Amino acid sequence: MRRCLVLLLVAWCTAWVLPAAAQTGADTAYARLASDSYSDIEAGIAALVVSGDPKAGPVLRALTDNRLLYRPDDKALAIKDGATVTDARTGAAVNPEGLKPVRVNNRVRRAIDAALGTLNLLAPDAATRRNAADAVFKARDAAALPALDAALARETDAVVKRTMQEARAAALLARPGAPEIERLSAIDTIQARGDSEALAILRGLSADPAQSVRDAAARGVSGIETRQALMANVQNAWYGVSLGSVLLLAAIGLAITFGVMGIINMAHGEMVMLGAYTTYLVQELIRQKAPFLFDWSLPIAIPLAFLAAGAVGILIERTVIRHLYGRPLETLLATWGISLILQQAVRSAFGPTNREVGAPSYMSGAFEVFGLSITWGRLWIVVFAMAVFVALNLILKATSFGLKTRAVTQNRRMAAAMGIRTPWIDAFTFGLGSGIAGVAGVALSQIDNVSPNLGQGYIIDSFLVVVFGGVGNLWGTLVAALTLGVANKFLEPYAGAVLGKILLLVFIILFIQKRPRGLFALKGRAVEA
Amino acid sequence: MTWKGWLSRAAVAGGLALGTLASTVASAQETIKVGILHSLSGTMAISETTLKDVMLMLIEEQNKKGGVLGKKLEAVVVDPASNWPLFAEKARELIAKDKVSAVFGCWTSVSRKSVLPVFKELNSILFYPVQYEGEESERNVFYTGAAPNQQAIPAVDYLMKEEKVERWVLEGTDYVYPRTTNKILEAYLKAKGVKPEDISINYTPFGQSDWQTRVAAIKSFGSAGKKTAVVSTINGDANVPFYKELANQGIKATDIPVVAFSVGEEELAGIDTKPLLGHLAAWNYFMSIDTPANKAFIEKWHAYTKNPKRVTNDPMEAHYIGFNMWVKAVEKAGTTDPDKVIATLPGIKQDNLTGGTSEMLANHHITKPVFIGEIKDNGQFDVVWKTDGLIPGEAWSKQLDGSKDLEADWVKLNCGNYNTKTKKCGGA
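In order, the protein sequences belong to chains A and B.
Residue numbering for the first sequence follows my numbering, starting at 282 and increasing by one per position.
Residue numbering for the second sequence follows my numbering, starting at 9 and increasing by one per position.
Accuracy of the hints is not assured; some may be wrong.
[As the list claims (entries may be wrong)] Straight-line alpha carbon distances no greater than 30 Å define the calculated BS3-like cross-link-like pairs of lysine-lysine that follow:
1) K317(B) - K381(A)
2) K336(A) - K384(B)
3) K282(B) - K361(A)
4) K384(B) - K336(B)
5) K381(A) - K72(B)
6) K782(A) - K200(B)
7) K381(A) - K394(B)
8) K107(B) - K384(B)
9) K198(B) - K419(A)
10) K79(B) - K308(B)
11) K282(B) - K570(A)
12) K442(A) - K234(B)
13) K41(B) - K419(A)
14) K308(B) - K235(B)
15) K260(B) - K419(A)
16) K384(B) - K361(A)
17) K419(A) - K227(B)
18) K419(A) - K200(B)
19) K282(B) - K227(B)
20) K419(A) - K107(B)
21) K41(B) - K73(B)
22) K357(B) - K381(A)
23) K234(B) - K361(A)
24) K570(A) - K227(B)
25) K419(A) - K235(B)
26) K782(A) - K79(B)
27) K303(B) - K356(A)
28) K227(B) - K303(B)
29) K282(B) - K381(A)
[As the list claims (entries may be wrong)] Distance windows between CB atoms, simulated:
30) V118(B) - V787(A): 42 to 48 Å
31) L786(A) - T428(B): 52 to 58 Å
32) K381(A) - V419(B): 15 to 21 Å
33) V118(B) - Y775(A): 27 to 33 Å
34) R608(A) - F214(B): 42 to 48 Å
35) K406(B) - S320(A): 28 to 34 Å
36) V787(A) - P300(B): 32 to 38 Å
37) R187(B) - H604(A): 43 to 49 Å
38) V118(B) - T703(A): 44 to 50 Å
39) L588(A) - Y312(B): 35 to 41 Å
It should be emphasised that the hints constitute simulated quantities derived from the structure, not laboratory data.
Just so you know, these numbers come straight off a predicted model, no measurement behind them.
Glycine included, C-beta positions come from ideal geometry on N, C-alpha and C.
Take the sequences, apply the hints, and build the full model.
Shown next, in the form of structure tokens:
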């Protein structure tokens, strides 16, 4: 009798459960998502994907954007879309009272990425499919295999297909008990990918039970490592050029004020800072008045930063420095004092904390060339530094102002005798150097803190570059900046950042002992004068 | 005007400005003076100015309640200008010239070390509100920030348990706090069975702005097939370029999480936090913690600064706790006499802003809860984990050979470095 009852119960249960399996799967999923516990939410996400609920995509996307809300009392789930709040399952409008956002942490975020990846494998847009395949690749979840196989069968785009195959290989290697032959071919696929994540997967196989798999993985690791060691040199060179161009930007204004005019300008860094703050102001204004112009904020800021820093430079030259020509020590002290005044002025006006300067869309992210990852921001800064260098050379070599500047710095009295108003040329040359520093500030605001201390970090490096390159020579500044940048980046992996910098300083000291006038010394009578 | 004339006038003007800054509010009745020793200019102004403001707010509020012992409190603000020797000079000025009853101040460890001899010599009280490397307990100093066991160790525990991290990058700025903290963490990790080849320790100079090489190195260290995390003791200004580079090279918190000990709400105010989503910080307080006390504190702070966007952070809460403990101790002792207040302070309890009650311990550290927060896209933290109760601060780390046997107890032993092996006061 009792056994009969149990059988009946089982039969009744199966009869009731089977048709409704999908339904109850989604039920549990939604119930678990409406929770405060991360492991519940994680389980809910997995259940949601398995249930095949059509609303899974929108729910997961809402969860990533913190738009998925729940009510602790009755476990209701809702999606917020702007001002409207709708029930997550039915889409009916919901009273937003008592709703709290479902919380997300890294574990949940990983689960969402993997789940969305699986869901998006069949998306109509190729880029979405590729991202989805990438997410599945990172998740290395054996449960994604059926979805991947289905997607692979339909995929036509070659790039997406390769990513999917890599994802499939990663998922396969994560599945316990997959046939050895398939695992070996998966290792080949992963090795062909050749990046650090492929390396991570292959290294994870070092404890695999099958000898052949272990060997293949070890071969794959050493293959990728050899390639990466080679790439490391190319990468260091690129990092060096990138650091060099930052140094060049910081130093090139000083190459005018110190190099050409001979003024020891300790307030040079503060001109850079003023340029960065100009960028901040421009962005603030754009954010408030015309948000659509945001991507243009840097091109707009460049001339303004030049004018602002240049004007301050001319003001400093007219009020302080012109009284001190020929007295380098006093100039040093006075400009140092000015730098402190400017810092504190900015601190009083904008507060001591960092200001946020955003990156326009074309300056964020990175792209890969032959396995070398290059960030857009750095690339643009290299291009910009070179452009500034060329522009400055043109100003000095091809304009009448440049001609007069060179005349005055080479022989002041003769230039004055030719009718050049030397005091004004001094002022404008100093303004030019300061303005260029301001322009550098626009670029540096993209990679460094916009704070009152911004300039301090660059002043010593700038002097190093100018002295090393040879005072009074723009080409020397270029070569010195790039040399120091590349040398620094090749030293850093071996010696560490601290020791690397010390070694470089020692090298420069020794070099200056040998060649006191730097790499490219000016020759001729002007030098002796 | 001649140059010299200009210079002398500028000097006079500057002197006047400084004079007003340090000048005290004259009042007819007798007051109790409280010294505030935080840099208002120079590199540390970015962090310390806020603490000066919060102290002024707390003092103003206390005065509204009627002051202490029937007397009004009077703040004496000086500016040590991020210059370590100047900290000692200004501390001497506060104690000897202004006759303050207690000083709230310092941020960096080196500034604290610089003022220590002054506080000992002149026998005064310093409340130090910042998380630090430990390995110190002085009679005249009360440490209201976190010791390593109240921040670093719980953070590592969290990563080990929740994120299953097996490989560690300890990345720091090259000075005493990161070096000592990393030494403690390294010993702790090794004791937990982490192999030496799974730990990478690296230091960069102050203000490091080019992180390309380091971030690439972290990326390749993380590709060993084991879950990797970065424990960051990178200081202040170097953080923004570090996080920007992480974002640029596409390292997400879901791949390699970074847990930071020096990045709080204030530091995040200068960055676009969208790419940092999910990176972690360990603190004893977060602005986002939802308690009535915290809500009231934030409201007061916004009203005081007249800026509804100003954030609150961990060292501010430390000053809040420290200041209220001092007030209670003075009222209990019935005097501001340093010896009596120092003797009264241990055992004083004060509600913190996160729903617990902190207590001043005999080793002059306090009990604190530890929270792990994930960075959200609005520059705030979402608390993902917290310790069960309050953790008592350990002055001497249990992980280091030199300090394992040391104990600080100013109540029973009257000693900051009692050696339990040799039974002597006076260190290892």
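Q: Assess, step by step, whether the Cα of K317(B) is no farther than 30 Å from the Cα of K381(A), and give holds or violated.
A: This hinted pair holds, its Cα atoms lying about 23 Å apart.
Q) Does K107(B) lie within 30 Å of K419(A) when you go C-alpha to C-alpha? A) 63 Å, violated
Q | K384(B) paired with K361(A) [C-alpha distance capped at 30 Å] | A | 18 Å, holds
Q.
Assuming the hint says 42 to 48 Å, is it satisfied by the Cβ distance from R608(A) to F214(B) or not?
A. 32 Å, violated
Q: Measure nothing beyond the straight line between the CA atoms of K107(B) and K384(B); if it is 30 Å or shorter, mark the hint as holding.
A: 45 Å, violated
Q | Beta-carbon spacing of R187(B) to H604(A) - inside the hinted bounds 43 to 49 Å or not | A | Distance hint for R187(B), H604(A) holds at roughly 47 Å.
Q.
Can you confirm whether the C-alpha distance between K282(B) and K361(A) stays at or below 30 Å?
A. 20 Å, holds
Q: Verify the proposed pairing of K308(B) with K235(B), using a straight-line Cα cut of 30 Å.
A: This hinted pair is violated, its Cα atoms lying about 43 Å apart.
Q.
Holds or violated: K282(B) and K381(A), Cα atoms, limit 30 Å.
A. 21 Å, holds
Q) If you check the beta carbons of V787(A) and P300(B), does the distance land in 32 to 38 Å? A) Since V787(A) and P300(B) have Cβ atoms about 59 Å apart, the given range 32 to 38 Å is violated.
Q. Within 30 Å, alpha carbon to alpha carbon, are K234(B) and K361(A)?
A. Given that 30 Å is the threshold and the Cα spacing comes to 38 Å, the pair is violated.
Q) Per the hint of 52 to 58 Å, is the separation of the Cβ atoms of L786(A) and T428(B) within bounds? A) Roughly 46 Å apart at Cβ, these two residues miss the hinted range, so it is violated.
The earlier numbered hints that this structure contradicts are 4, 5, 6, 8, 13, 14, 20, 22, 23, 24, 26, 28, 30, 31, 32, 34, 36.
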